[in-house]
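> Chains as they are written, first to last, in this note's numbering: chain R, 1 to 486; chain U, 1001 to 1480.
If you're looking for bench data, these hints aren't it; they were derived computationally from the structure.
C-beta atoms are modelled at their ideal positions from N, C-alpha and C, and glycine is treated no differently.
Just so you know, not all the hints are guaranteed correct.
For lysine to any residue, the following SDA-like pairs were computed, each having C-alpha atoms within a straight-line distance of at most 25 Å [claimed, not checked]: (1) U/K1079 to R/V358; (2) U/K1079 to R/A65; (3) R/K374 to R/V358; (4) R/K16 to R/A65; (5) U/K1130 to R/V358; (6) U/K1054 to R/T236; (7) U/K1215 to R/L336; (8) U/K1130 to R/H337.
From the derived model, a few chain U residues whose C-beta atoms are all more than 12 Å from chain R [as the list claims (entries may be wrong)]: (9) H1012; (10) A1037; (11) I1066; (12) E1297; (13) I1307; (14) A1423; (15) G1452; (16) Q1457.
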Amino acid sequence: MHDKSVAQLVAGLRDKQFSSVELSRCFLDRIARLDSAYNSFITVDESAALAGAAAADQRIAAGDAATLTGIPIAHKDIFCTSGMRTSCGSRMLDNFVPPYNATLIEHFNRDGAVILGKTNMDEFAMGSSNESSYYGPVCNPWDTALVPGGSSGGSAAAVAAMLAPAATGTDTGGSIRQPAALCGITGIKPTYGRVSRLGMVAFASSLDQAGPMARSAEDCALLLNTMAGHDPLDSTSSELPTEDYCAHLNDSLQGLRIGLPREYFGEGLDAQTASCIDSALRELEAQGATLVEVSLPHSQLSIPAYYVIAPAEASTNLSRFDGVRYGHRCANPVDLHDLYTRTREEGFGNEVKRRILVGTYALSAGYYDAYYKKAQQVRRLIKQDFIDCFEQVDVIAGPTTPGPAFALGAKSDDPLAMYLEDIYTLAVNLAGLPGMSVPAGLVGGKPVGLQLIGRHFGEARLLNVAHRFQQATDWHLRRPATGEVA
Amino acid sequence: MQWETVIGLEVHLQLATRSKIFSGSATTFGAEPNTQASAVDLAMPGMLPVLNAKAVRYAVMFGLGIGAEIGHRSVFDRKNYFYPDLPKGYQISQFEAPIVGRGVFEIQLEDGSARNIGITRAHLEEDAGKSLHEDFHGQTGIDLNRAGTPLLEIVSEPDLRNAAEAVAYLKALHSLVTYLGISDGNMAEGSMRCDINISLRPMGSETLGTRAEIKNVNSFRFVEKAIRHEIERQSEILEDGGRIVQETRLYDADLDETRPMRSKEVANDYRYFPEPDLLPVVIDDAYIAAIRAELPELPTQKRHRFIEQYGLGSYDANVLADSRELADYFEAVVSACGDAKIAANWVQVELLGQLNRGELALGDCPVSAPALGGLIARILDNSISGKIAKQVFEAMWQGEGSADEIIEARGLKQVSDSGALEAMVDQVIAANAGQVEQYLAADEDRRKKLVGFFVGQVMKLSKGQANPQMVNQLLAKKLV
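This is chain R alone, in the form it adopts within the complex:
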C-alpha cells in the first residue's frame, strides 16, 4: 500500500480493497520501523491517528466520504493541531499544545483525512537544509549523508521514503519546492493568499504560503482541492473562488508558451542539473509547447530583498515568544528583563537569532529607508518583471535549485552559501506567484527538480503541465532504497 499514489489509495478505499485503519497502520508501522534513519517526524500520535482512521472508515461505510476521507497525511509541524504538540522545530514551542486547529487542518478534518503525524522542519521554517531544527537534522532518503532541503525537509523526506502518501508544507522562500526537488517529490506553493495562513506559525507574513507535497502533480491537485479557499479569519486570503484542480490535469500542452529566464540558466547552475532541466524542457516541447527565452532582469536582487523583508517580518512575528503566556520559559527569572533575555536565548537557535537580529536592524530608525523600504521597492520591480514576462508566455520554467542535495554540515556554517540555495525560488514568493517543483532527473543518484512558475492563481495550469510531463516520464516514480527487507 505504501508505494501507491494518493489517487490510487482514494480508489482503494472507495472500492474497499483496504480500510483506512489498515492503511494508516501500514504507514505508522513504516514510520516506527524506518524513520530513525531519516528523523522526518517530530510527533506521531498512533492512537489519535487510528481513531481518525476508524472514524473515516465509518464515514466511508455510511457512504458519506469525501475524496480524501481515510487518507493519512503528514503535516509540517508548523500547523497548529488541537491537542497535539506543535513545535515549529523549536525548543521555544517544545511544550506547546495548541487548543485550536489551523484552518488547513480543519479542512483536512472536514474531509476526513487522517493526521499521521507532525513532520520535522527547520526551526520556525528558517533554513534550506533542515539542519536548524531543535529536533535534529532530517536525512535525505536518497542518501542519508545528504540534507533533504528545507524548511519542509521532514515532509519531503517522509513522502520520499514512503512514510506518508502525502504531506503539507509551507514555502516562504522555497521551503516546499527546494526540499521537493532534493527528495525527488512533487510540491506546489500556491499563489499567496490561496491557502489560509490562520493557525500556521508565522515566519514572514507577506511571503508565507502553505501547499501540498506528494509523489505526483495529480496527488498535489487532490490535496490542494481540500486546502485552498478563502478564510474570513485570514485577511490576506483571497476571495477569488477556487477551482477543481484535477479538472484540467490532462489538457493538451499544444500551443503552451514556456518562458525560460536566461538569469536561471547562467553561472551557478550545476551542469548536470542543467542538462536534466534541458531534457525535461525537450519533453514539454515534444508535447507541443513552445520554449521562449525571457528575462527577469532583477532576479539577482531577490536574495538581498528577501533577506531584508523576511527577517524584518520574522523579527516582529517572533516577539510573541516571550515566556509570558506559553512555550518555553527560563527557570527562575529574577526580573522581567531576565525573563525575556534568558527565555529567548534558550528557546531560539542560532539561525533564528541571526534572522531576528538582521530584521531588527533593517527596521531600526535610521536604517529603515536604506534597507526595508528599499527592499520593498525592489520587490515591486521583481513582481513587475514577472508581470511583463507573463505577457509573452503562459508559464515560466527553470531549475528549482542550483544543484542536487548537498552533504549534511556542508553549508551549515556558511549562511551566505546556504541562502544561495534559494536563488531560483525566492523571487516567486516576493511576487506572490504560484510555483512548483517536479522531479526531472537524477544527478549521481540524487534527484533534481524542474521548477514551474505560473500567473497569479494559475495553479491549475501548473498542475496540468506537471501532470502531462509525469504522464510521459517516470522520474516521479523513482524511489530511493529505503533499507527494508523486500
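Place chain U on chain R using the hints.
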C-alpha cells in the same frame, strides 16, 4: 518674563464597538481578568487579526464630525516593543497613513466665546492589556481583557493656551463623541485617556519651547490640575535660567504633582513598518457619503440652532446642547409645553438641580420630558403659579403622578373664580382696617408698595392658590 503656555493633547478614545478591533472578543468593562481574551488577543501562534468594520465606521464618523479629510487608503503598522501586557510584542497602530487627517474643532470657553482648535490626525489602534502589580506577592499579574480594545488616538495641534482651554477642548470632544455614539466617553473607566504635551515660550515668540509629556491623565479635573502644576514647574525652571528636559511625566493625583517617567533619549525605537497581516483599508467616496448622510446633528450645529430657533442665550444653548440626551430632553419638553424659554429655565434649574443633588444621570430621571412639559403647561395656562409648580415638581420627582394628578389630588389648582377671590379680598380688607387707612392716605408711589401686603394676605388665605393677577385687579377695584 511673561510666558505663554502651549498645549497639545493626545486623546485615546475607546470606541464603543461590541467586539475588539481585531478579534471577536467582547469589550465589556469590568469582567473577570482574562475572560474576554481570545487566542488572537493572547497572540497564540498562527493567530491573525481581522479588522472590525464598525471601528472603521466610527473613525470615519469622527473624521466627518470634525470636517477632516478621510484617508482613502489608510495603512496599519506594527509598533514594536516588549511588555508583558502587549502579547504580540507589537501594537497594531497606524503611523504613516492614518484614517483621519487634518480637521478643525470649535470649542466653547467659559466666557461664552468660541475658539477653533486644529486636529492634526486621528488613527485607529489596539489597546494593550493591564499589568496588575498588587496581590501577586512580588510578581505581576496580566489581565488581557482590554488587549485589542479599539482606540482612536486623536492628536490636536499645539493650539491650546491654558488649562481652561484644554478642559474645554476635552469637554467638547466628549460631547462630540457621545453625540456620534462612537464612545461612551467614560473617563473613570478609561474610555477617554489623555496625554498632555506642554511647553512654555516667551510671550510673543513663534518657536516652540521644549515640551514635557504628561501621560495618561484620566479626568477633566486632573487635566486641569496637572497642567497648572506643570506650568508652575516649568516657569520656575525657566525663570531660574534652567532648561526643560524633554521627558515623559506622570501626574500623581494624590500628591498633586508630576514626576518623570522615562527620558525620551532612552525611549524605544518602535521600528514601525506596515502590518503584513492586514490589507490597507480602502475607503471610497460612496462609503463616506453614506456615513455623512447618517450623521446626527452635532453639538455645534445644535447650539447654533437653539440660539436661532428658540431665542436662547449662548450660555443656555451651551448647557442644553452639551449632551445629545439633554438636548433631546429639552426639545421634548418644548414640544410638550410650547415655550422654549420657560422650558430652558426649568430644565437647567430644576431638573439639573435635582439630578445633581441626587447624583443621577439623565437616564435615571424619574420625570419624563413630556411630564415636565405637562407641568410647565399648567403654569402657562395659569392653573398654578411658578411657586406651586416647584412643589408639584417635587411630588412628581417622588413618583406621585403627573402634574395634573398631583394638582388635583392636593387641590393646588389656582383659584381664578372671581366670586371666591372677591370674598377673600373682602375678608382681608375687613380684617386690616388700619392698613387700608394707611393705603388710602398714601400717594401713588407708596400705594404700589403697600398693595403687596394685601396681595400677600390673600395668597396666605388661599394657601398660595389665588391667581395673583386677578387678586391685584380685585384689590385695585376695592381699595378706593
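> Next, verify each hint and record whether it holds.
Against the structure, the hints come out as follows:
1. U/K1079 to R/V358: holds, 18 Å
2. U/K1079 to R/A65: Between U/K1079 and R/A65 the Cα gap is close to 47 Å, so the pair fails against 25 Å, i.e. violated.
3. R/K374 to R/V358: holds, 15 Å
4. R/K16 to R/A65: Judged against 25 Å, a Cα distance of about 12 Å means the pair holds.
5. U/K1130 to R/V358: Since the Cα atoms of U/K1130 and R/V358 sit roughly 31 Å apart, the hinted pair is violated (cutoff 25 Å).
6. U/K1054 to R/T236: holds, 19 Å
7. U/K1215 to R/L336: holds, 22 Å
8. U/K1130 to R/H337: holds, 18 Å
9. H1012: Correct as stated: the minimum Cβ-Cβ distance to chain R is 22 Å, above 12 Å.
10. A1037: Violated, since 10 Å does not exceed 12 Å.
11. I1066: holds, 28 Å
12. E1297: At about 36 Å from chain R, U/E1297 clears the 12 Å cut-off, so the statement holds.
13. I1307: holds, 47 Å
14. A1423: At roughly 84 Å from the nearest Cβ of chain R, U/A1423 sits farther out than 12 Å, so the non-interface label holds.
15. G1452: At about 79 Å from chain R, U/G1452 clears the 12 Å cut-off, so the statement holds.
16. Q1457: holds, 82 Å
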